[in-house]
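Asker: Below are the chains, spelled out letter by letter.
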Amino acid sequence: MNHRTTAKSLLAALVATAFSALTPAVAWEPTKTVEFIVPAGTGGGADQMARLTQSIIGKHNLMKQSMVVVNKGGGAGAEGFLDVKGAKGDPHKIIITLSNLFTTPMATGVPFNWKDLTPVRMLALDQFVLWVHKDNPAGTAKDYIEAVKKAGPGKTKMGGTGSKQEDQIITVALEKQSGAKFTYIPYKGGGAVATQLVGKHIDSSVNNPIEAVAQWRAGNLKPLCVFDNERMPYKGKVAGQYSWNDIPTCKEAGVDTDYVMLRGIFMAGGVTPDQVKFYVDLFEKVRQTPEWKKFMEDGAFNQTALAGKEYADWVAKAEKLHEGLMTEAGFMAKK
Amino acid sequence: MQEIQSLMAGFAVAMTWFNLALMLAGVTLGVLIGVLPGLGGANGVAILLPLTFTLSQTPGGATSAIILLSCIYWGALFGGAITSILFNIPGEPWSVATTFDGYPLAQKGRAGAALTAAFTSSFIGALVAVILITFISPVIARFALQFGPPEFFAVYLLTFSAFVGMAKGTPFKTVVAMMTGFALAAVGIDTVTGQLRLTFGFTELLKGFDFLIAVIGLFGIGEILLTIEEGLEFRGTKAKLDLRVVLDTWKELPKYWKTSVRSSVVGCLMGIVPGGATPASFMAYGLAKKMSRDGEEFGTGKVEGVVAPETAAHAAGTSALLPMLTLGVPGSPTAAVLLGGLLIWGLQPGPLLFVENADFVWGLIASMYLGNIVGLIVVLTCVPLFASILRIPFSIIAPVILVICAIGAYTVHTSIFDVWLMLVFGVLGYVFKKLDYPMAPLVLALVLGDRAEDAFRQSMLGPDGSLAVFFANPLVGTMTGVSLLLLFWPLISRALAIVRGRNGRGG
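From first to last, the protein sequence lines stand for chains A and B.
Under my numbering, the letters of the first sequence match residues 1 to 335, in that order.
Under my numbering, the letters of the second sequence match residues 1001 to 1507, in that order.
Keep in mind the hints are simulated off the structure, nothing from the lab.
Remember, it's a predicted structure, so these values are computed and weren't measured experimentally.
Just so you know, even glycine gets a beta-carbon here, dropped at the ideal spot from N, CA and C.
Per the computed footprint, the stretches of chain A lying under chain B, defined by three or more beta-carbons under 8 Å from a beta-carbon of chain B, are:
#1 33–47
#2 54–64
#3 73–82
#4 174–187
#5 190–202
#6 212–223
Computed list of chain B residues with no C-beta within reach of chain A, every gap over 10 Å:
#7 F1011
#8 V1139
#9 I1140
#10 D1248
#11 D1359
#12 P1438
Just chain A, same shape as in the assembly:
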């Protein structure tokens, strides 16, 4: 009897192998609604991207099961990350990241790390641009930084979203590189920061393109440089005769600082490679839709989109970078 069972299971295994070789359609698929967690509030950049994804998947029928977006922004995103960390082995939960994947555990000591999660793929990288009011006499980033230095430490206000998060880290990196000293004022959202700059309540900002573009086009703000090592590729006219491509990199402008923000997807730990592959493919399909491409161009995103090991390596490198900047700025939580 024992023999027979073995033989039977062997046969079954053989058949199964043959089958899977012939029909790759037996690959894993979600069997219930997929929860798409946003570790931030409604209306922000990550939320927009998640809801756009949900819309695209629905419109093009890219997935049999439905997807719901759930905002878990408490504790600077810790709520969302802890939720996914706690859902070990659950393939029906994915999360989109901001830089708070790195900064929140470092700044607050809340116990989670990207290694608790399974990297799925990068969707895009969000750019940051140095903006000043149109009346600011500085014509280039170099001029502006010189003016800040001349004014003296703490005399110039840099506004940004949140505290000890990406905007402040860029400010710190900028200070470190140039020797200028800003007073950093944290606000709750990027739109508010842009408006505060238009109203001259702050002197500069490092808003994402999408947060400040409307004010640039209206002639209220001017971009000085982009914090990336290459110019943004979009050559369509955005503001008057200027395109995103006309903004020099900060390095070109003589202020050698760069920073991009990860917009990537992670799953819980302990999921199978099959399950990861499903989402890698799903998001690849999303990226190929015209709606996604338009969104990328409107927001002037850096469309680098790594997957697999390259993605994990990128994340590991980004973590190191954040650790260095946060330590230097004294932002790390006391152990």
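Given chain A, work out where chain B should sit, using these hints.
Answerer: Leaving out everything else, chain B in the frame of chain A:
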């Protein structure tokens, strides 16, 4: 006038059968969302946002999409008042102030009047705001740019000051309640330092105490506990059940025109700044209480006490769309979601939207007029229906309310911990009532505490970080001055009385 021409073009865009049907659907859905505590306008709109995506890709579809979503918002603004009045459970944060007089009215058997007053005032507030948006939006947009952190702090200070002294208990109890609110508001992440505060290592406390959960517990559960203790009663049987109540109430409303005007102004200002509908409703109630002839009787069931917060809340909620359209800054959480929607649909909110997408903007503005009219008709015809809910015996309705409260608390963050928290707040609400502590200051401090704190500390961060920034320009100086005057008015008026008294004796 150019605006009228544009508006007419807007009506042409908005007034198709399809769009009118969307308005009706949106408003009805919105009322339901508003009725369910916890499932706020922002959540409701966010959930439905993806459904509008396909719609927005068709020609003219973006207008239809925003009409659907904004009508959900109008519906939620109307609907928030219903449970506040009937069960003392605010369906939305901005209807907390509506409970103060709305619920006593319902207890007196005048639920229909309270509902009619609430809905009608909401409509009037919205109308004033839309007219403002139609004709002077560029001016208003510039005004909003004047607001930096010190100005925002002054606005919050003004709200607190307008509200202080409205509680009937001893000042000491008001202070205790308010400080409890501030302490609760401080839990969670601190915007200015990015650090966690008062979480004591509990991950459940990371997100802080949500105002909605506190309100559902304090008001809803607390009220039920109290009613259980006081015994069952069919207190709603006196409620009139025909539409005549609407007309009767309308006859009464013109008397309160001063309150309506004042509340509309407060609401529009708070929406544009953007301070939000919740502070607007509190401030309007506080001001009405101070300035009305019947101010002393506020809280015992005065129709005027319903008119003030509802007018302001709806005016603020509506005008909150203005900074969203012209500056790309959302004036309320719901406006933030709508803003995200605009971006997803491929539109760019900001100064050029009026120029580049005139069809869309004016279609939306026209739909604000139409949507609010549709909304008013929907809710007013339902007044007898809503009021008749109170005829259901308490022993049947109480468990239903409990379940709805629990669902509401759960939906806020999809967290079961919040349901327990709601029950704890319920007990706290019961204790507060028993010991005669006022709950309103607690709620106000909880909703505005961290915002006021952020604004204050942002003001202090500047190189010239001294209290002088609150008097640095005429705008902020006036607001701070008025706040301080309001705050110390009880003392000042007493001092004046003493001085006069002495003079009198001396003479």
